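Novice: Going line by line, the protein sequences match chains H and A. In case it helps, this note's numbering puts the first sequence at residues 0 to 336. In case it helps, this note's numbering puts the second sequence at residues 198 to 339.
None of these hints come from the bench; they were simulated from the model. Since the model is a prediction, treat every value here as computed from it, not as a measurement. For each residue, glycine too, the CB sits at the ideal point set by N, CA and C. Just to be clear, a hint being listed does not mean it is correct.
[As the list claims (entries may be wrong)] In silico BS3-like pairs for lysine-lysine, Cα to Cα no more than 25 Å straight-line:
| id | chain 1 | residue 1 | chain 2 | residue 2 |
| --- | --- | --- | --- | --- |
| 1 | A | 330 | H | 20 |
| 2 | H | 23 | A | 333 |
| 3 | H | 93 | A | 208 |
| 4 | H | 93 | A | 249 |
| 5 | H | 25 | A | 208 |
| 6 | A | 333 | H | 90 |
| 7 | A | 306 | H | 92 |
| 8 | H | 23 | A | 249 |
| 9 | A | 249 | H | 83 |
| 10 | H | 83 | H | 93 |
| 11 | A | 305 | H | 83 |
| 12 | A | 211 | A | 249 |
| 13 | A | 208 | H | 92 |
| 14 | H | 25 | A | 306 |
| 15 | H | 90 | A | 211 |
| 16 | H | 90 | A | 327 |
| 17 | A | 327 | H | 83 |
| 18 | H | 92 | A | 211 |
| 19 | A | 208 | H | 5 |
| 20 | A | 333 | H | 20 |
| 21 | A | 249 | H | 5 |
[Claimed, not checked] Per label pair, the in silico range of CB-to-CB distance:
| id | chain 1 | residue 1 | chain 2 | residue 2 | range |
| --- | --- | --- | --- | --- | --- |
| 22 | H | 294 | A | 321 | 22 to 30 Å |
| 23 | H | 234 | A | 282 | 57 to 65 Å |
| 24 | A | 321 | H | 249 | 47 to 55 Å |
| 25 | H | 21 | A | 231 | 54 to 62 Å |
| 26 | H | 137 | A | 279 | 37 to 45 Å |
| 27 | H | 27 | A | 334 | 58 to 66 Å |
| 28 | H | 312 | A | 244 | 55 to 63 Å |
| 29 | A | 205 | H | 318 | 30 to 38 Å |
| 30 | A | 243 | H | 27 | 17 to 25 Å |
| 31 | A | 204 | H | 267 | 12 to 20 Å |
[Claimed, not checked] Computed footprint of chain H on chain A, listed as stretches where at least three residues anywhere in the stretch have a Cβ under 8 Å from a Cβ of chain H:
| id | region |
| --- | --- |
| 32 | 212–219 |
| 33 | 250–262 |
| 34 | 289–297 |
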Amino acid sequence: MSRNVKKPTVQDLLRLDAIAKHLKVKTRYEDPTFAADVRAACLARITPILKEHGPFTGEDIAQCLGDELCLTFEEVHGPHDVTKLEEHYLKGKKEIGFAQLRGEMDNPDVDALLFQRMNAEPGAPDSWVAVLNLQEGRAKAYWNKFHELSHRIAEPPQRILPFRRHKFEATHPVEALVDSVASDFAFYEPVFRPIVETYAKTYRLSFETIEQIRNAYAPTASLLSTMIAVVKYWPRPAASLIAEFRGRLNAPETDPALRVSPQGYNERANRIGLLIYPNMRAPLGSAIHQAYVTNEEQNALENLGNWETSSGKSLAAIDVFTSARYLNDRVYAVLSA
Amino acid sequence: MDNEHREEVGKRIKRLRHAQDMTVHELAKRSTISAGYLSEVERGLSAVSIDKLKQIAEGLGVGTEALLDDSQTDVQGQNVVQIPSALSAAAERLNLSYRATLALFQGKKSLLAKRSSSELAEWDVDEWVKFYKQVKDYLPEC
């Protein structure tokens with residue numbers, strides 16, 4: 000888990016212990032291999048299922064795992080969908096929890112809800128119902144499906160008194176762990192890596208290439224999640240970042256500039272030192288800066304030696320191909336050597 | 198409790214204490230036992246009675262099961278249904294049976310998880326009453 004994860008509370012620790020026990024993982028949260036062990040155990044659970052039904056697209060994987068875990072996905076695009084779900088689950092199946100649906104879906108902050116049906120027959124395919132709120136757009140739908148699936152795989156079945164996941168926080172120790180599991184499922188390596196490698200034989204790493212890979216594997220995945228996954232499996236050194244106009248980390252009002260947040264890099268990038276520091280300024284002449292100024296996609300051959308930290312230190316002088324795309328007041332960029 | 202189990206219990210206590218940044222003295226004080234005894238328990242050197250274990254669990258804010266055997270506890274260290282006080286008050290106002298009250302409680306809890314940037318708030322009495330009015334036609338016969 001690469002993010003700054005908060006220290007677990009006692010309840011988090013007990014929940015993480017329950018995950019370890021459920022997955023028969025011997026290590027504890029404090030052990031350095033815990034996250035890797037949990038991910039490996041989750042993959043070991045799904046591999047036989049996917050082997051039996053493959054090959055797949057990303058959407059097929061979500062559907063297959065949902066079927067296996069008795070989890071049905073429902074999508075809400077507008078109030079009419081809420082009415083339909085109320086008719087089906089509340090009135091039809093007397094699942095009174097669905098009376099909360101309308102109020103929750105009216106809140107744009109709510110991305111997804113997970114219900115455990117009270118009156119489901121054992122093994123019913125909709126024993127669990129994940130409702131995705133897509134009224135504000137589809138961008139998070141793909142990822143949210145895998146996040147909910149990962150909770151179902153990693154955590155023990157609920158008992159009489161089920162817990163609630165409180166506010167979703169990427170830095171929450173359980174949520175961060177589940178997100179790392181979700182990344183393994185959403186871009187399932189045995190299927191996704193060969194697709195990436197096939198495109199890498201012919202194309203440079205650009206947003207056009209990323210979109211082609213997305214269309215081949217998971218058309219509903221977001222650009223951000225696909226970008227991160229493509230970089231991970233790109234067979235040459237590669238890194239991804241997002242650039243935004245902001246100030247220094249410790250003084251947000253000071254020295255505003257187009258500054259970057261690294262999103263990920265692959266092992267090959269690590270080996271040659273293709274690394275960018277958080278909150279560095281994107282050089283004025285860079286494709287990233289040009290994309291921000293013109294609001295258009297930019298591709299260019301550049302040298303990372305032009306990147307300087309505020310203390311005047313340069314990055315390693317590596318020739319890279321940069322592809323930068325402006326989106327919602329930010330620039331997404333991938334760099335490959 | 199054999200030595201191995203005693204050591205395991207001691208490790209769990211220490212781990213949960215550390216998770217709350219508590220010193221041995223602080224936990225001993227909260228648990229109304231001596232710090233020396235607690236230290237021995239944590240190191241697996243002293244046997245611990247169920248009464249003392251309860252005190253330590255209370256000091257840590259967890260159920261006793263969390264210290265004994267995690268297979269017997271749910272993820273929150275609780276295994277009893279605790280009806281929220283606001284629901285109890287609503288049930289009294291609506292003159293609901295225990296069964297109907299429990300069904301309301303479980304119905305609300307069937308919404309297990311919310312992926313959201315906003316907080317989940319506990320319901321007050323009026324919200325429970327509103328929920329009852331929405332679902333009364335679908336509650337089991339009481």
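Novice: Flag every earlier hint the structure violates by its number, smallest first.
Specialist: 1, 2, 3, 4, 8, 9, 13, 14, 15, 18, 20, 21, 22, 24, 25, 27, 29, 31 and 34
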